[in-house]
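Chemist: Everything in the sequence shown is counted per the numbering used here, starting at 82 for the first residue and increasing by one.
Keep in mind the hints are simulated off the structure, nothing from the lab.
Nothing here was measured: the structure is a model prediction, and the numbers come from that model.
Among the clues, some could well be false.
To be verified - For each label pair, taking beta carbons as the anchor points, the in silico distance ranges come out as:
1) Thr-155 <-> Glu-184: 14 to 24 angstroms
2) Glu-316 <-> Gly-112: 21 to 31 angstroms
3) Ile-257 <-> Gln-315: 13 to 23 angstroms
4) Asn-210 <-> Glu-292: 39 to 49 angstroms
5) Gln-315 <-> Leu-140: 17 to 27 angstroms
6) Asp-122 <-> Arg-221: 26 to 36 angstroms
7) Lys-319 <-> Tyr-129: 20 to 30 angstroms
8) Glu-316 <-> Thr-155: 19 to 29 angstroms
9) Asn-210 <-> Arg-320: 30 to 40 angstroms
10) Thr-263 <-> Asp-226: 35 to 45 angstroms
11) Ala-214 <-> Val-151: 21 to 31 angstroms
12) Ala-214 <-> Phe-321: 35 to 45 angstroms
13) Gly-112 <-> Lys-276: 14 to 24 angstroms
Unchecked claim - Simulated pairs of lysine-lysine, DSS-like, Cα-Cα distance not exceeding 27 angstroms:
14) Lys-276 <-> Lys-110
15) Lys-222 <-> Lys-108
16) Lys-170 <-> Lys-108
17) Lys-139 <-> Lys-108
18) Lys-107 <-> Lys-276
19) Lys-162 <-> Lys-139
20) Lys-223 <-> Lys-107
21) Lys-110 <-> Lys-139
22) Lys-295 <-> Lys-102
23) Lys-170 <-> Lys-139
24) Lys-107 <-> Lys-162
25) Lys-107 <-> Lys-272
Every residue gets a Cβ at the ideal spot worked out from N, C-alpha and C, and that includes glycine.
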Amino acid sequence: MRKQLIEKEGEYKKVNSISNKDYIMKKIKGGLIVSCQALEDEPLHSSYIMTRMAVAAKLGGACGIRANGVADITAIRQVVKLPMIGIIKEKNPNSQVIITPSEEHVDQLVRCGVEIIAVDATNRLRPGNITLAGFFGQIRKKYPDQLFMADCSNLEEGIFAAELGFDIVATTLMGISKGGQTHERHVELVKQLVKNQPKPVIAEGNIWDPEQLKEVLDAGAFAAVIGSAITRPQEITKRFIKAIK
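Model the full structure from these sequences, guided by the hints.
Modeler: Here it is in C-alpha cells:
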C-alpha cells in the first residue's frame with residue numbers, strides 16, 4: 082500500500098493510507114484553506130513569495146494550503162507542515178482544461194507528496210479528447226490511496242464526480258458555468274451539492290470576507306478555500322478602487 086508522511090505531535094511518521102486519509106480530512110474539517118498561487122504574468126510570481134504567503138497563512142490559523150506547480154509546492158512543503166491541495170496549471174491550445182489536465186501532471190503531484198490532488202472535473206474534454214471518466218479511471222487505478230478533489234462548475238458535474246469516485250467535490254470552477262458566479266449562487270450550489278451527493282464539499286471561489294466564509298460553512302461546506310481575498314493584492318486593490326469610482 083502507498084504510504085505518506087503525516088504530522089503527529091510535531092514529528093512525521095508513516096501510517097497506512099486509510100488512516101492517513103482520515104487524518105487529513107479531520108485536519109481540514111470546518112477550516113480555511115488558503116490558496117497561495119501566482120501565475121507567470123502576475124506580480125507575485127515567485128516560489129519564495131508563495132512560500133512566505135503560506136507561512137503567513139499558517140500563522141493566521143489556516144488548516145491547509147492550495148498551491149500550483151512543482152516548484153511552489155516543493156518550496157512551501159519545506160517550511161509549512163499543513164495538508165496541501167496540489168494542482169498543476171497548464172494551458173493547451175487543444176483543450177480548455179487547465180487544472181491538472183494530464184496523467185503526467187498527476188504523477189508529478191504524487192511525487193511531491195501532496196495530500197490532496199485537485200483536477201478539473203468539468204465535462205470538457207482533456208488534451209487528446211480524453212473524457213473525465215476515462216482520465217479519472219486511469220489515475221484512480223494507478224493511485225488508489227490518493228485523495229482526489231473534483232473542481233466542478235455546477236451541480237451535475239459534482240454529482241457525476243462523486244459517482245466516479247472522487248473523494249471531495251469542490252465548487253472551484255463555478256465561475257465558468259452559465260450565468261457566472263455570485264456569492265449567493267455559490268452558497269446555493271454548496272447547499273445543493275451537500276444535499277444531492279455523499280462526498281464532502283469544499284467551497285472555493287467568490288468568498289471575500291469573514292461573513293461570506295461563515296455562510297458557506299453554515300450551508301454545509303466541509304471546508305473552504307480562499308485565494309484572491311488573501312493572497313492576490315492586485316485583485317484586492319481593484320475591489321477598493323471599484324468602490325470609489
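Chemist: All hints, please: hold or fail.
Modeler: Taking the hints in turn, this is what the structure says about them:
no.: 1; hint: Thr-155 <-> Glu-184: 14 to 24 angstroms; verdict: 20 angstroms, holds
no.: 2; hint: Glu-316 <-> Gly-112: 21 to 31 angstroms; verdict: 22 angstroms, holds
no.: 3; hint: Ile-257 <-> Gln-315: 13 to 23 angstroms; verdict: 21 angstroms, holds
no.: 4; hint: Asn-210 <-> Glu-292: 39 to 49 angstroms; verdict: 43 angstroms, holds
no.: 5; hint: Gln-315 <-> Leu-140: 17 to 27 angstroms; verdict: 23 angstroms, holds
no.: 6; hint: Asp-122 <-> Arg-221: 26 to 36 angstroms; verdict: 34 angstroms, holds
no.: 7; hint: Lys-319 <-> Tyr-129: 20 to 30 angstroms; verdict: 24 angstroms, holds
no.: 8; hint: Glu-316 <-> Thr-155: 19 to 29 angstroms; verdict: 26 angstroms, holds
no.: 9; hint: Asn-210 <-> Arg-320: 30 to 40 angstroms; verdict: 39 angstroms, holds
no.: 10; hint: Thr-263 <-> Asp-226: 35 to 45 angstroms; verdict: 37 angstroms, holds
no.: 11; hint: Ala-214 <-> Val-151: 21 to 31 angstroms; verdict: 27 angstroms, holds
no.: 12; hint: Ala-214 <-> Phe-321: 35 to 45 angstroms; verdict: 44 angstroms, holds
no.: 13; hint: Gly-112 <-> Lys-276: 14 to 24 angstroms; verdict: 22 angstroms, holds
no.: 14; hint: Lys-276 <-> Lys-110; verdict: 18 angstroms, holds
no.: 15; hint: Lys-222 <-> Lys-108; verdict: 26 angstroms, holds
no.: 16; hint: Lys-170 <-> Lys-108; verdict: 25 angstroms, holds
no.: 17; hint: Lys-139 <-> Lys-108; verdict: 13 angstroms, holds
no.: 18; hint: Lys-107 <-> Lys-276; verdict: 21 angstroms, holds
no.: 19; hint: Lys-162 <-> Lys-139; verdict: 9 angstroms, holds
no.: 20; hint: Lys-223 <-> Lys-107; verdict: 25 angstroms, holds
no.: 21; hint: Lys-110 <-> Lys-139; verdict: 15 angstroms, holds
no.: 22; hint: Lys-295 <-> Lys-102; verdict: 25 angstroms, holds
no.: 23; hint: Lys-170 <-> Lys-139; verdict: 23 angstroms, holds
no.: 24; hint: Lys-107 <-> Lys-162; verdict: 15 angstroms, holds
no.: 25; hint: Lys-107 <-> Lys-272; verdict: 21 angstroms, holds
Comparing the model with each numbered hint stated earlier shows that all of them hold.
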